[in-house]
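Visitor: Residue numbers (our numbering), protein chains in the order written: chain A, 1 to 149; chain B, 1 to 506; chain C, 1 to 131; chain D, 1 to 350.
Note that these hints are calculated values from the structure, not bench results. It is possible that part of the hints are untrue.
[Unchecked claim] Incomplete in silico selection of chain A near chain D, CB under 7 Å:
1. Ala12
2. Ser67
3. Val68
4. Met72
5. Val107
6. Thr138
[Claimed, not checked] Pulled from the structure, derived: some chain C residues nowhere near chain D, Cβ distances all over 12 Å:
7. Leu7
8. Leu12
9. Leu21
10. Phe30
11. Asp32
12. Val33
13. Thr35
14. Gly60
15. Leu61
16. Met73
17. Leu77
18. Ala81
[What the hints assert, rightly or not] If the Cβ cut is set under 10 Å, some of the chain D residues that face chain B in the computed set are:
19. Ala203
20. Arg204
21. Ile277
Predicted model only: the values in this text are computed from it and were never measured. Don't be surprised by glycine CBs; every beta carbon is placed ideally from N, CA and C.
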Amino acid sequence: MSVAATHFNYLAVVVLMMIGLYVLFSTRNLIKQMIGLGLFQTSTALFYISLGKVSGGTAAIKIYADSVEGRMLAAPLDPDFVQQFGVGGVVYSNPLPHVLILTAIVVGVATLSVGLSIAVRIREAYGTVEADEIEAVTRVDAARVGRDP
Amino acid sequence: MILFEALYVAPPALTAQAPILVIAGPLIGACAAALSPGGRTAWVVSVLTAVFALWMAVAVAGEVAREGAIDYALGGFAPPMGIALRIDALGATMALLIASVGLMGALYSGHALESEVRAEKRTLFQSGYLVCLAGFLGLVLTGDAFNAFVFLEVSSIGTYALVAVGEARDRRALPAAFNYLIFGTVGATLYVLGVGFLYAATGTLNLADMAPRLAALGDNSAVQAGLAFIVAGLGVKAAMFPLHGWLLGAYAGAPSLVSVFLAATATKAAIYLIIRFVFGVFPEGEFGENFLRWILAPLAAAAVIICSMQAIFEREVRRILAFSSVAQVGFILLGASLATTAGLSAGVFYLVAHALMKGALFMAVGAFAISVRARTVEDFSGIAREAPWSAAAFAVGAASLVGAPLTMGFLAKWSLVSSALQAGEIWIVVVLAIGSLLTLIYVGRILEAMFFRAPVRGAERASEAPVGVLVPLFVFSGLSLWFGVDATLPASLANASASVLMGEAP
Amino acid sequence: MVDALHLIGGGLVVAGTLLTLLGGVGVLRFPDVYTRIHAASLTDTGGATLVLLGLALISGLTLETLKLGFVWMFVMLTTPAAANALANAAFSAGHTPRIGAFQITKGVAAGEAGPDTPRRETSDGNKSAAP
Amino acid sequence: MSEIALQVNFALNIALLLMLIAVGVAIARMRSLLAAILLMGVYSLVSAVWLIVMDAADVAFTEAVVGAGISTIVLLGAILLVRAGPVRHNWRMTIAPAVLVLGVGGLLVYAMTGLPEFGDPASPANAYVGRNYLIQTPDEIGVPNVVTAVLASYRGFDTLGETVVVFAAGIGVALMLGFGPRSSLPPLPAAMGDHHVVLRVTARLLIPLIALFAFYVQFHGDLGAGGGFQAGVILAVAPILHALVFGLHETIAALPVRAVRSIATLGVLLFAGVGVICMINGGGFLDYDHLFPPGVEAIIPPGLLGDPDHAHQWGQHFGIFFIELGVLLTVAATMVTIFYGFAGRAVEEP
């Protein structure tokens, strides 16, 4: 297979990452920026998960090779392949990236909520969530510092 | 490190667990602070926790001095299966630095918060402070690439909110905190991405396990890009030159406690991790050398020159100090970019020196702010007459920043110059000279206003800060002076760190 | 026997999917909020029921079937309630149905709430997400 | 049969990724914030389906409850508070970001070509540590779900850090929104009248069911997908639904702000406490093998702590149980704190 097929997942992840970054940098609206940031973070998650996929594998939850499910999973696979890469007669996908991404997703929602709460306070203090308008006000603030005690 | 060898500060059973207690102590302290009934109790908890963390850090340093690098396997699983803490001389130095700054900050917060943070927020604020402390300590002690990301986020999430609390004094803290959050999260995500590439290439997350595997791989586009992403991501956190945009507003807007703590630890922890990756994980060879020579060193030099110039044209004192921080990060990285033992040692020494002097400077600015709304250089006019002790401490910090003799800053610059000369990099000496000259100009402006001009602030009069603020302030400036005369302790730490990094000692 | 159950089950799953797809088309094609809600909620419950039934036939008498039953119960509880809340909110916000033989006045449509008070002002029970 | 099953899997993978890209482009082009947020929910759900195809059941579950659930709630709460209009497009702001993004994209594509093939079981990532977990878990930890074993035991320290991140986010939101005067913004027009009888009745039925389901997810985490994070978010939905239907004041009366915050703290303390107990009993931090003091077998009646044939796994089972409980408490309480912050700009009770 060509690189486009064997690395399709990674290329798709790159596209998603670029979309996220583009949203983040092309908008001046703070809420939309948080959305872009979320997209960017999620695409990293997709990258890790793609790394951990084993073709013909299954979720890393113990299955007995001689159970109905175990036989069903092994049916389409080459017995040598199962022998070499399986654990106890069943091929599993790699659990480690899953664990890492569980962490990353939770970190993502934590960032999102803190960021949005700051955005809400910005709206209350500045009356807008457009970064351009906030910057204009900030320049006025900076010029005023030290002038009126 | 020799000084620590004879130091048995804790019983052996406790010393064996000290590496994790450095991190777990502040974590548990953060919970206790959050549960405490009022701001005062939370402050006591905060101070006690910081004392405990420092105690454990000293115990760790003693152990490292005796035994060499320590591995502490968490959960009883040996790496790479489990997460391990790995503390070498550099890690122990950083832990000592961060824990000491944490303690000084905790002491300082007793009075500083009263004028800057509303009463009902103080328990949560202290809790957030301890979470950040735990995060930075975890960041410098961990030996696992992904665990470092987790601690990066632990420290960051708390910091964003703590910076934003500065809105009570200046609403510009809010957009600054938001900016910091966006930059910081992009940086952390780039770091995770880079770690993902390294994981894909090696199958492990443990740094010590990763290095030989990377070396065996040779040239691989995924590895190179991974390292680039890691450095870029951490560079954002370290305020490396073109990626420093978040720092100015954040340092200028945050409550002074947070400015002190961030200026002395946040960028330093990220620099530490960059050094760890560049010298501990990067495969030896052209890639790393080219990176240091053609990317890191020029950017660091640009930071020194450009940000020092910007500092000269700035009106607000805290923003001047923030610009100066970016420039000083440049000095540290210049030392590291030499890739010699002497250069690294100078860089680490400079890092410690900068933490102490910037801590003193931001703390002194906070001490003035308790009694008077002084922000711009003009506001500082004649403040030395009204608050002489704080002003003296500020002057010591400023002298160290410039590199005046008898201060730690002088020795730091001296060792940088001599290591650059040793390596034959004359241009670094030139950059250093220009940078110091520019520093003299912007620092001189502030000092001139403070000491030689008459107050112009109308009826407002500054008064001397309370003793609770002066004590940590004097510790910072006193150490800057003491280490300027007798630098045995920081120099031995820096030398030990450098020889570990260059692979000359375990 | 097992194969027949599998076939019927598979057919039901496909039918359910098609029904849900039809609902999606309805949401796009229908003219106003109410008809769209109607399309979405009916096909959603119907489609989910068919899919779950199909899956139950495939998995036979196992623990999975019991779980599927719980899922079905949950769908039957939430989707209609959500549709109701949505329509309620749309009506309170002043959307009037666009099709139908008669224009409903607000008081009549509100049903249980009694005399035709203007809906937009009765806010006493509403302490929801608004600050 | 043989090849087809694998090809169907791969085709699903490609189709779902293309859908994700389509949704992503739609989000980028969307000027209405509300629509963008709802599309984010769609994005999360589609990626959850994709994660199932990728065998990442636990991650899919988390993405569904966190990405499509709580994130959407927080985002909706935020746009309600900021009253933002449609996003303005600024042409000045398209060229420079496009160049930057293309640069990063180019570097990424260059990097991606150096990666092993997708799905390769012999790649370093899949053949080294990841495979060792699969081999060693049955003996060392003894739980069927390897993801839970790695999450809670092998890499339990990461999970502690993650719990602290959540806790810190709760502190952050509370510091920002939890104090002081309520929003200075003009009040919103009332959205609904007092005629949601249907909602009230359904909510009364659902709230206990949701809580029950959360505990099922919690305690089923060893055996299948699920665990403290997912359960915590689901558990938090119960009070959130209560607040939406019965009013925030009623909910706060039943679950005071301070109490919720204390629960979040207790969760972290429980987690760290397990670690400390392991230390006191002679192990390392979070070394559940030492959760019980040495010689515990002799004291307690046989069978109380678990299968006597696998005595070395008792500590692991109980350790995982308690730390997952800590995670549940912290996550659930923090999510409620965040909701309180956004929904009410909740004030400290006197």
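Visitor: Please go over all the hints and tell whether each is borne out by the structure.
Guide: Structure-based check of each hint:
Look at Ala12 of chain A: its Cβ gets to within about 4 Å of chain D, closer than 7 Å, so that hint holds up. Of the supplied interface hints, the one on Ser67 of chain A is violated, with its beta-carbon coming no nearer than about 12 Å to a beta-carbon of chain D, more than 7 Å. Contact between Val68 of chain A and chain D, as hinted, is not supported at the beta carbon level, the nearest pair being about 16 Å apart and thus beyond 7 Å. For Met72 of chain A, the interface hint is violated, since its Cβ never comes within 7 Å of a Cβ in chain D; the closest pair sits about 9 Å apart.
With 7 Å as the threshold, the beta carbon of Val107 of chain A comes within range of chain D, its nearest partner Cβ sitting at about 5 Å, so the hint holds. About 18 Å separates the beta-carbon of Thr138 of chain A from the nearest beta-carbon of chain D, more than 7 Å, and the hint is not met. With a least CB separation of 16 Å from chain D, Leu7 of chain C remains clear of the 12 Å interface cut-off, as annotated. Non-interface call for Leu12 of chain C relative to chain D: holds, since the shortest CB-CB distance, roughly 20 Å, exceeds 12 Å.
At roughly 14 Å from the closest C-beta of chain D, the C-beta of Leu21 of chain C stays outside 12 Å, upholding its exclusion from the interface. With a least CB separation of 18 Å from chain D, Phe30 of chain C remains clear of the 12 Å interface cut-off, as annotated. Residue-level check passed: Asp32 of chain C sits 18 Å from the nearest beta carbon of chain D, beyond 12 Å. Against chain D, the non-interface label of Val33 of chain C holds: every CB pair exceeds 12 Å, the least being about 14 Å.
Distance to chain D confirms Thr35 of chain C as a non-interface residue, since its nearest Cβ pair spans about 19 Å, more than 12 Å. Listed as a non-interface residue, Gly60 of chain C keeps its Cβ farther than 12 Å from every Cβ of chain D; the least gap is roughly 19 Å. Here Leu61 of chain C stays apart from chain D, with its beta-carbon at least about 20 Å from theirs, past the 12 Å limit. Not every Cβ of chain D is farther than 12 Å from the Cβ of Met73 of chain C; the closest lies at roughly 9 Å, contradicting the non-interface assignment.
The beta carbon of Leu77 of chain C is not kept farther than 12 Å from every beta carbon of chain D, the shortest such distance being approximately 6 Å. At the 12 Å boundary, the C-beta of Ala81 of chain C falls inside the reach of chain D, the nearest C-beta of that chain being 4 Å off. Of the supplied interface hints, the one on Ala203 of chain D is violated, with its beta-carbon coming no nearer than about 31 Å to a beta-carbon of chain B, more than 10 Å. About 33 Å separates the beta-carbon of Arg204 of chain D from the nearest beta-carbon of chain B, more than 10 Å, and the hint is not met.
A hinted interface residue such as Ile277 of chain D counts as satisfied when its beta carbon comes closer than 10 Å to some beta carbon of chain B; here the least separation is about 12 Å, so the hint is violated.
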